[in-house]
Amino acid sequence: MEKQGINLERLWAPLTKICAECDYADGPDCNPQKCYVSFAKTVIEYSRTKGVTEIPGIHKLIPPQDLKPYYKDLVSEGIAITCQECRQCRENHSPDCVVALVRSSLEGTVLPEHLEYPGSVLVYIAKIKELDPELAEFIAAKMAKK
Amino acid sequence: MSQAVFKQRNGLVAVVLVTDCGVITPEKFKRLGEMIDEFGIKAFKLTTRQTLIVLLPEEKVEPFILAAGERGFKIGCFKEAVRNVKACSGSSELCPRALGEALPLGIKLQERFFGRPLKHDFKIAVAGCHRGCTDPYCADFGVIARGNNLFDIYIGGRGGSRKPVHGIRIAEKIKEDGIEEILEYILKTYNELAEEGERLCLTMDRVGAEKFIPTEIIEKYRERGEIIDQDFLKLFQGGK
Chain A
1 MEKQGINLER LWAPLTKICA ECDYADGPDC NPQKCYVSFA KTVIEYSRTK GVTEIPGIHK
61 LIPPQDLKPY YKDLVSEGIA ITCQECRQCR ENHSPDCVVA LVRSSLEGTV LPEHLEYPGS
121 VLVYIAKIKE LDPELAEFIA AKMAKK
Chain B
1 MSQAVFKQRN GLVAVVLVTD CGVITPEKFK RLGEMIDEFG IKAFKLTTRQ TLIVLLPEEK
61 VEPFILAAGE RGFKIGCFKE AVRNVKACSG SSELCPRALG EALPLGIKLQ ERFFGRPLKH
121 DFKIAVAGCH RGCTDPYCAD FGVIARGNNL FDIYIGGRGG SRKPVHGIRI AEKIKEDGIE
181 EILEYILKTY NELAEEGERL CLTMDRVGAE KFIPTEIIEK YRERGEIIDQ DFLKLFQGGK
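Protein chains in written order, with the UniProt record's numbering: chain A, 1 to 146; chain B, 1 to 240.
Hints were generated in silico from the structure; no laboratory data involved.
The reader is advised that the hints may include incorrect statements.
[To be verified] Below, in silico cross-link-like pairs of lysine to any residue (SDA-like), each with a Cα-Cα straight-line distance of 25 Å or less:
#, chain 1, residue 1, chain 2, residue 2
1, A, Lys60, B, Asn148
2, A, Lys145, A, Asn92
3, A, Lys142, A, Asp73
4, A, Lys60, B, Ser92
5, B, Lys234, A, Ile6
6, A, Lys60, B, Glu34
7, A, Lys60, B, Leu235
8, A, Lys50, B, Ser89
9, B, Lys173, A, Arg90
Since we're looking at a predicted model, the values are computed, not measured.
Put together the whole structure using the sequences plus the hints.
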C-alpha cells in the first residue's frame, strides 16, 4: 500500500540547493519575512513538526517582495516537485495547503505576477507557459526526469 | 423519541447503535464482542450516519437493548428528533488536513442535542475542513472548521433525497462557544415555525430563511479579524 501523505523531504531538497547558491544565506535577509525560500522552508518545518498539511491563512504571509536573484533552473526543480506532490484537489484546492505554499513562494522568485492555482497540474503548466515559456519548459523537463 | 429498531426481510431485526461520531473505543468494542454469542448476533453493518447496525433474532431484541444500555451503548433514534451527529476525524490528533477540532465538537453536540423531539428528523454534520467529508453542506445544520478554532455554519441542507438541497451559509468565523447557542436558536425557531413533518429546508422556503438567522448571537460570537495560524505566526515573526 502506498503512503498517501505529502513527501516533505522531497519538497525540502531543492530549497537547500537554492540556499547553497545564495550569497545572502545566513545574512540578515535570510528570514521568512523577507525571503521566499526561507518562507517555504518555515512552512515545511512547521508542517513536519505539527503533522498538518494545511496552515490556515498563511498564504497572506508570503513575502510581498524578494529582489534577490534566483536561477530558473534551480527554482524549476522545486516547482516540478510541488507539481508531483500536488494531490490535484481541483475544486477543493486551498492556497494554504503546504504544497501550494511552497509552490507560490517559488513562483515569486521567478514570475512577474502571482498565479491563481487551478487545482490541476496540467492546467497550471499551461498557465505558466503563457507567462514564461522558458520556465514552463524547464519545469516540464524536470518533471519528465523524475 | 422512536428507537431505531427495524424488522428485516429475512426475519432478523436491525438495532441501530449510536457511536461517538464513528469512534468506538477498544473497551466498547470488546463489550460488543462479548454480546455476539449471548444474543445470537448474525452480523454488523456500518451506516453512512456513523452508526452501527446489529442484526439479531427478534426474540433477542429486548434483552439486547437492555444489555447494550448497561454496557454504555445508546440506541439510535428516527422520526421526528435530532439524529446522532456525524463528524469527520478532524482534530489535532488525527486528520492532517483538519483546520479545527471537528470530532470533539461533534461529540459534544451529540451529547447535548441527540434525541431532542422536533417536527421532522434533523441531521447535524461537522467537518474539519472545507472538503466536507461528512456532507455538512447537505445537513440541516452543518459546521465547517476554518482554523483558529473558528467555524462556518450552514443550515437547511437535505441529503439522501430525490431532491437534494445544499444548505445556505448563515454565519462565518464563529467561535466554538457560539455554535451550541446558534443551534439552540435554530431548533427552537424550527419547532415554532415548522408544520408537522416539515423538514427545515421546506420551512425556510415557506417562511423565509432570514427567520432562522440569529443575527445578535452571530455578532456576539463572530471573529472579525483575519484567520491566521497563531503558532505559525509566532515562528514567522521570530525570524529564522
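Structure-based check of each hint:
no. : hint                : result
1   : A:Lys60 to B:Asn148 : holds, 15 Å
2   : A:Lys145 to A:Asn92 : violated, 29 Å
3   : A:Lys142 to A:Asp73 : holds, 9 Å
4   : A:Lys60 to B:Ser92  : holds, 23 Å
5   : B:Lys234 to A:Ile6  : holds, 24 Å
6   : A:Lys60 to B:Glu34  : violated, 54 Å
7   : A:Lys60 to B:Leu235 : holds, 15 Å
8   : A:Lys50 to B:Ser89  : holds, 16 Å
9   : B:Lys173 to A:Arg90 : holds, 24 Å
The structure is inconsistent with the numbered hints 2 and 6, although it conforms to all the rest.
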